[in-house]
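S.K.: What follows is each chain in one-letter form.
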Amino acid sequence: MATTATLQQTKWWTGGKSPFNMEYGKLMMWYFLMSDAFTFGAFLISYGTIRFSQNFWPDPNVVFNAFPGAGHANLPLAFVSVMTFVLIISSVTMVLAVHAGHSNDKKGVVKWLIWTIIGGAAFLGCQAWEWHHLITGEHVVLAGGKLEVIGQSMRGNPWGGLAPQEEVMAALQNTSHETLLQLSQMGHHGASATADHAALTHDQLLNSIQVADLHVREKGPVAFGGYFFGITGFHGFHVFSGVIINIVMLLMTQKGVFERRGHYLMIEKAGLYWHFVDLVWVFVFLCFYLI
Amino acid sequence: MQHPAFEEVTFQHHTDDATFKKKVRNTTILLSVITIIELIIGLLIYNIHKGESPNELLVLMFKGMVCILTLAKAYYIVSVFMHLGDEIRNMIMTIVVPLLLFIWFIGAFIWDGNSYKNLRNTYDKHYKESTMPTPHKGGH
Amino acid sequence: MSETLMTTATVAGQATTHHEEHGHHQESFISKYIFSMDHKTIAKQFLITGIVWAIVGGLFSVLFRLQLGYPDRAFPILETFFGQWAKGGQIQPEFYYGLVTMHGTVLVFFVLTAGLSGTFANLLIPLQIGARDMASPFLNMLSYWFFFLASVVMMSSIFVNTGPASGGWTMYPPLSALKQAGDGQKIGTDLWLISMALFIVSSLLGGLNYISTILNMRTKGMSMTRMPLTIWAVFFTAILGVLSFPVLLSGAILLLFDRNLGTSFYLSDIVINGEVLPNEGGSAILYQHLFWFLGHPEVYIILLPAMGMVSEILSVNSRKPIFGYMAMLGSLFAIAVLAFLVWAHHMFVTGLNPFLGSVFVLLTLLIAVPSAIKVFNWLTTLWRGNIRFTPAALFAIGFVSLFISGGLTGIFLGNSTIDIHLHDTMFVVAHFHIVMGVASFFGMYAGVYHWFPKMFGRYLNNTMAYIHFWVTMVGAYLIYWPMHYQGLAGVPRRYLDKSGWVNFNNFRDLDQMITIVTILVFAAQLLFVFNFFYSIYKGRKVRSQNPWGANTLEWTTPVNPGHGNWEGDIPEVHRWPYDYGKDGREFIPQTEPVSANESKH
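Residue numbers (the numbering used here), protein chains in the order written: chain W, -8 to 282; chain R, 1070 to 1209; chain H, 83 to 683.
Keep in mind that a hint or two might mislead.
In silico lysine-lysine, DSBU-like type, Cα no more than 35 Å apart, as pairs [to be verified]:
no.	chain 1	residue 1	chain 2	residue 2
1	W	246	R	1092
2	W	246	R	1091
3	H	302	H	664
4	R	1119	R	1186
5	W	137	R	1194
Hint data in this document are derived by calculation from the structure and do not stem from the laboratory.
The following block holds chain W by itself, in its conformation from the complex (with noise of 0.2 Å):
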């Protein structure tokens, strides 16, 4: 069975060999990639159907509109397309260190391995600081007759609607004092504000607070923080396992267990686990950024 003529022939079926061509781990982690899939496939699947349940979900391009250093500036999708980025590079410098295994080429696997490294390391950076930006935000909401500052959380998000302008008048006047001195600040940005609004009475509080700045909006649907969180959490813990494999790989290689055991088809096992990782943020991206 050496040579290419005679694999038209080959009778895959008959047993004493692969029917797949393929040895049996590698056949195992496509199997679990599979079984893998269903279980994001799960995930995103009841997103869409709570999704599908709701007459309102949020914009994307409202939610994730900023970019690290840039202020408040409203740059939507702009991050998100930088750490698809990083994944889609990362994935490719690990065809590259698959590559290098297949002609046992000890020098190339290590340095590609290196690199995906560091993709996967930046891409679970990125993520760090975009939850930390969605948690810590400050956004205006009116809930309940009053104003709010709140972030995004599992437990609740601002993304609803466009609070009416007379609502949000009349919400003013209940709000607490705490708030209040917070909403006069987000109006005035920078220290020197912060002493003289200390000082203020309640009513000049008021005064002072331009709510047409302010965005306010209502309470968006409670599961679009749950699935978020749950989902990107998710993904990235796939990324974390991911990048300890492949550092895991790297130890391996550079003790030189693959080069002895003649093959480093390890290797190969590992990059399709990282492929998988990318594959699953390709419809991440998709369900949670684009549509």
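Model the placement of chains R and H on the given structure of chain W, informed by the hints.
M.R.: Structure of chains R and H alone, referenced to chain W:
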């Protein structure tokens, strides 16, 4: 040529270095281009939503396009990066065929989610009034 | 032949032959019996753990049947054992719901999933396809130990102060998602979810191994269509598990979040004990979709291995080829595919879209076609056969009977209109216990009686086996047949005490009868357990390599095969496994080459 470690493997794939590198480079460029198109469409949707009376049909069409582009991206990742395209037909089928289950999995779930919304809008007036976006509430 | 000589030698000195066979390194007790990587030992571990769980789960059913049969009677002995859970000798409501939940969980997942396919997939796959062991013996061992860990967590949940999970084995939210809903919804439910997560890992590791072993490790000549039906059945079972269990994992993770992190995946508009909960926008139906996306394939995960073993055992013991081998394969495949498409027929009364429901009715009723093909083929295999009524054969025939009875009531329930009346009544309980519970148990018993000689080199005691069979067979029908009538009359399931309904009072005697039979049947199972452990040490020894005169490869190994199964080379296969009664010969093993003047089958 027999595989060095596993007797069940009949032959080994061989691609020469140059062809392979070219293939990887082309795929990378392709994936990047698709992603950029997706981003452009995403921003288009954003701008449509910002307008006075967003054309929902247009938005839906754009979203459909993004979904198709994503499937194309998934195809290239699986086929080139994961080398599924280089495997023999048996293997490709054993991965692709079970994925067909997703059609009914997605369809039935989404269908029922949508139906749940319609049921509540029909029978729970309070739910409808409190959650239905009014023209000035929707979008940005 | 020297083969027979060698066999006797193996029987005489198990310990010595073990090492001589493969020149394996010296195995310690721990590596041989506890952290063993031998598929046969792992199979025995699954089986024995399954038996322990079956006793626990069965005992639970006896306890709550006591309550159902004798709602006003006090049994002081219960208080002795269970203290506050059975105050005054009466089973308390929390205890009752805990018992029902644990009974379902334990029997469905731990006994009929792990105990059944864990045992027989592990034992039979390498032996029947001609492999030395599983593709990855290490992952196979991990699979058992994850199951063990899941068992430990589940068992520990029974002993926590607030009791085990009590939301029913389906664990529907919002009940299961709210800790303030009751004692059983406290730590017990968290432990249940963790245990299930571990169990899913175990079943995934096992399933991946079964699939890649069957595909990759078949011996020369063992083409897919020469595999025994047992292997086909566990193959489809593994595929079902690998593709559907992850969906339950997702559902369980979301439920854990709802319970512990304040998310609202499944919760909306809830007032509990006068407190208005902030949760909003979730959908309890979503959980049911996720659960049953696993839950329905799960019933076939339970049933298919039993079907496979029954096919094999019926053919061997009626000394006839299996009727319609390809039709059997096709129907297994059809059942496996349909299993994924019909999950919402468990949800007709949830507020599911009625039109969507009707699609699910159609798909559900389609299952009747492959099921009927299988029944027809089993009956025609038996027809004019030279049947040997061994205990295994009896249980296999019993399986067919039960599968017919339970399958027919499935047609009632699969129709959404009839289901509206029958849903959540005893009719449902009767249906799924017969078709999935008892039938699969019969398949499992058939398997144990048939392959016990291969597992332990000894036979089970026949007298005890016949008593076990007849008591169980008659008892199963006595227990579940009347439940259909109760269900048609509207008697609800899951109720602790129905004495509030005057019109159900006439079922009192019936309920008592069911309870008494339950106790007798449980006793018969204990007899089996005794037989099992007694025969491991004291059973009649197996003297011949192929005691049942079967064609499949496992009977070409030594009576007590070592790690590696065959002493010499792995045999090559030349024919399908069902050449019984052919050309005047009683049976022709798979290893025998096809001779020139042999007739075609």
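S.K.: Please go over all the hints and tell whether each is borne out by the structure.
M.R.: Hints, one by one, checked against the model:
As the CA atoms of residue 246(W) and residue 1092(R) are separated by approximately 31 Å, the hinted pair is consistent with the 35 Å bound. A hinted pair counts as satisfied when its Cα atoms are at most 35 Å apart, and residue 246(W) with residue 1091(R) qualifies at roughly 31 Å. A C-alpha spacing of about 23 Å is found between residue 302(H) and residue 664(H), which places the hinted pair at or below 35 Å, so the restraint holds. Between residue 1119(R) and residue 1186(R) the CA atoms are separated by roughly 25 Å; this keeps the pair inside 35 Å, and the hint holds.
In summary, the hint linking residue 137(W) to residue 1194(R) is supported, as the alpha carbons are separated by about 24 Å, within the 35 Å threshold.
Checked against the numbered hints given earlier, this structure breaks none of them.
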